[in-house]
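One-letter residues, chain by chain:
There are 2 protein chains.
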Amino acid sequence: MALIVQKYGGTSVGTTDRIKNVAKRILESQRQGNQVIAVVSAMSGVTNKLIDLAAAVSDKPTRREMDVLLATGEQTTIALVSMAINQMGGRAVSFTGGQAGIRTNSAHTQARIQDIDAESVKERLDGGEIVILAGFQGVSDAGRITTLGRGGSDLTAIAMAAAVKADLCQIFTDVDGVYTCDPRVVPKARRIPEISYDEMLEMASSGSKVMQSRSVEFAKKFGVPFEVRCSMNNNPGTLVTEEHPNMESVVIRGVSLERNQAKVTILDVPDTPGSASAIFQALGEADVNVDMIVQNVSKEGFAKISFTVPEDQLAAAQNALKSVTERIGSGPVESLTGVAKLSAVGIGMRSHSGVAGTMFDALATAGISIQMISTSEIKIAVTISEAEADEAARVVHAVFGLDASPSEA
Amino acid sequence: MALIVQKYGGTSVGTTDRIKNVAKRILESQRQGNQVIAVVSAMSGVTNKLIDLAAAVSDKPTRREMDVLLATGEQTTIALVSMAINQMGGRAVSFTGGQAGIRTNSAHTQARIQDIDAESVKERLDGGEIVILAGFQGVSDAGRITTLGRGGSDLTAIAMAAAVKADLCQIFTDVDGVYTCDPRVVPKARRIPEISYDEMLEMASSGSKVMQSRSVEFAKKFGVPFEVRCSMNNNPGTLVTEEHPNMESVVIRGVSLERNQAKVTILDVPDTPGSASAIFQALGEADVNVDMIVQNVSKEGFAKISFTVPEDQLAAAQNALKSVTERIGSGPVESLTGVAKLSAVGIGMRSHSGVAGTMFDALATAGISIQMISTSEIKIAVTISEAEADEAARVVHAVFGLDASPSEA
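One line per chain: the protein sequences are G and L, in this order. Sequential numbering from 351 applies to the first sequence in this note's numbering. Sequential numbering from 351 applies to the second sequence in this note's numbering.
Chain G with its partners taken away, still in its complex shape (with noise of 0.2 Å):
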């Protein structure tokens, strides 16, 4: 008898006949031996909505009462699931996050998980019972309701199955599991079927947001392997994992690409101590996201600095730029705009040499100019126009041997 986490998110759960459907996958699951704990989000929409209810009565909705209100989206959806349960001849129990012993911070809105008393849900499990988890939420010390943020319901599973000590955590979702492109830009994109957390963090973290950075990073820490796959259908999906030698036979895992980008230019910086940390300082006080960061010298005591910024933050980097140019009497600040990421990711890479080179004469032979290059261990980002953007990722999609074959696609 294994023990499964699976988790359902609000499009799964988005409607009545979307939670029997899920209700009669967790029951079967139940059904063929295994203990089962459901964590489900709020029915797509709903948490929308409460935002809407609470933008109508304040401003600036006090965070701590917003944890009050967004819970209610969770614990609906556990209710309706365990009496859907219920219904087919299966015995649910509901568990709100607090009750299941899900213990954070008081970081109301975003709060950290920091103990889970899983007691009361093993219990119930023990007797026999599915028990229906309100993902997304949990309590503080002070006996406050308390959610966790983006990508709340996917930790909350992890994390669950790390406390119950889970053999297996499944993350059911509305796609059939981690592609190696997006296949709406590169059609030959298929399905991975493994691949290791590393490579899972640096698909996040490139566009590819199939799940949240935390959560991954939630899983590596405590070893917790999952699996996405989709509720709609029976497909097999992508098993994430601890690296194993095996792996590395694949240089490249996949492809990712994010659009909407801008590139910032500081010309001139003055090599000094300071200047970079003083810049960075001021785009983070002024809460903007940087991505690449890339600095050359451009001539004798100064440097150029580049990175990219999403486009539509481009406004508030510039402001920010202002005045610390002025103060460390750098160069002027140039930016573009229409600018895409595109980014090679596999574990592979850090057996096999010339991956670099085969992503950049594959770009050149297609006539796309690179504009910036960034390389971590397992990484190579690159960005370019975002004219060119689908274009470049079914070349390099296609260079590594991503592309389907004829009967696979």
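Treat the hints with care, since some could be wrong.
Calculated lysine to any residue pairs in the SDA-like style (CA-CA distance at most 25 Å, straight line) [unchecked claim]: (1) G:Lys399 - L:Thr365; (2) G:Lys570 - G:Gly501; (3) L:Lys399 - G:Gln437; (4) L:Lys410 - G:Arg381; (5) G:Lys472 - L:Arg413; (6) L:Lys410 - G:Arg441; (7) G:Lys410 - G:Gly493; (8) G:Lys410 - L:Gly364; (9) L:Lys654 - L:Ser724; (10) L:Lys374 - L:Asp526; (11) G:Lys410 - L:Gly477; (12) G:Lys399 - L:Lys374; (13) L:Lys399 - G:Asp367; (14) G:Lys649 - G:Thr725.
If you are wondering where the hints come from, they were derived from the structure by calculation, not from laboratory data.
Knowing the structure of chain G, use the given hints to seat chain L on it.
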């Protein structure tokens, strides 16, 4: 400094604008120098939507899960009211029933309050905060969310008032308190400034559904005076309290009317022990609400038993009577629909004689026939034809001096 418990029903918090209005009232009460606990219901319509959701996933939703579902209604309101107060510069904190220490038995969907540990509520009040408490809900010893059934939010307010020894409990609703009769029937009806628990109970059981009897009984048991008043204006309401000698100067406090009744008569019931018991047991098992019961000797050794039931339960009553009348060997069952029940209620009738005579006279003078009569120490009830009900109510209201003078009307 007084400690006040206020209760706002579903209509009073039915929209975000009304929530802001309620927030303002609560904050004003505090700014007048009081400590305030406000009990709020689910926004009107929300509970029905939740019930519809449950019905969509299950024919017979688990009661335990129904409570988890329904409790989200009040939880949403406490968050919104707290946010609205905080937005206005106040300091409010929300409490679910469980957080407020309202412990109940495990009779899900109709739980009974067993105990309230109001320590954390008191701490917040002493810290200068306003406590916004979810009505209608509590927590069982097993840590499960429970709900209190119909009128549960009133009960929460009165029970919390008893627990914290509040100076006053205010039940805000959509009417200006309790009236001498339904103003739609008797245009000269007036608001009753003060009424005893017992009178209120008799009014409630006779069709004046301002509050459920259960909450009034609880208030009586624990000696909690409370005021029923309107949340939409600042009019004075009705104070419900222990009776005191002054109250007896008014003979009849109010008149109430209950329509859509049916009268059932069983002829020739053998006058043997157990006959009546067999009849009413059978009706009880069929969940028929039997009201006025009148028994007369019809002929030597036989009785005629009459009683009223809500018209929509007549078929069930007739059905339940079939086998029992056969078994006890009684005569045929007759029934009459289109019946109304008119009651005159007042503790003053205990010390005034001739009250029944005055009422019957007035009805006779108006040419209205009385079908059945039933009395308690503080109530005289008659059944009459529904067609004459409005006229009968006006006549009785007038004869006991309840009509407003022209200047009051």
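Going through the hints against the structure:
| no. | hint | in the structure |
| --- | --- | --- |
| 1 | G:Lys399 - L:Thr365 | 13 Å, holds |
| 2 | G:Lys570 - G:Gly501 | 16 Å, holds |
| 3 | L:Lys399 - G:Gln437 | 19 Å, holds |
| 4 | L:Lys410 - G:Arg381 | 22 Å, holds |
| 5 | G:Lys472 - L:Arg413 | 22 Å, holds |
| 6 | L:Lys410 - G:Arg441 | 14 Å, holds |
| 7 | G:Lys410 - G:Gly493 | 23 Å, holds |
| 8 | G:Lys410 - L:Gly364 | 21 Å, holds |
| 9 | L:Lys654 - L:Ser724 | 15 Å, holds |
| 10 | L:Lys374 - L:Asp526 | 19 Å, holds |
| 11 | G:Lys410 - L:Gly477 | 23 Å, holds |
| 12 | G:Lys399 - L:Lys374 | 24 Å, holds |
| 13 | L:Lys399 - G:Asp367 | 16 Å, holds |
| 14 | G:Lys649 - G:Thr725 | 24 Å, holds |
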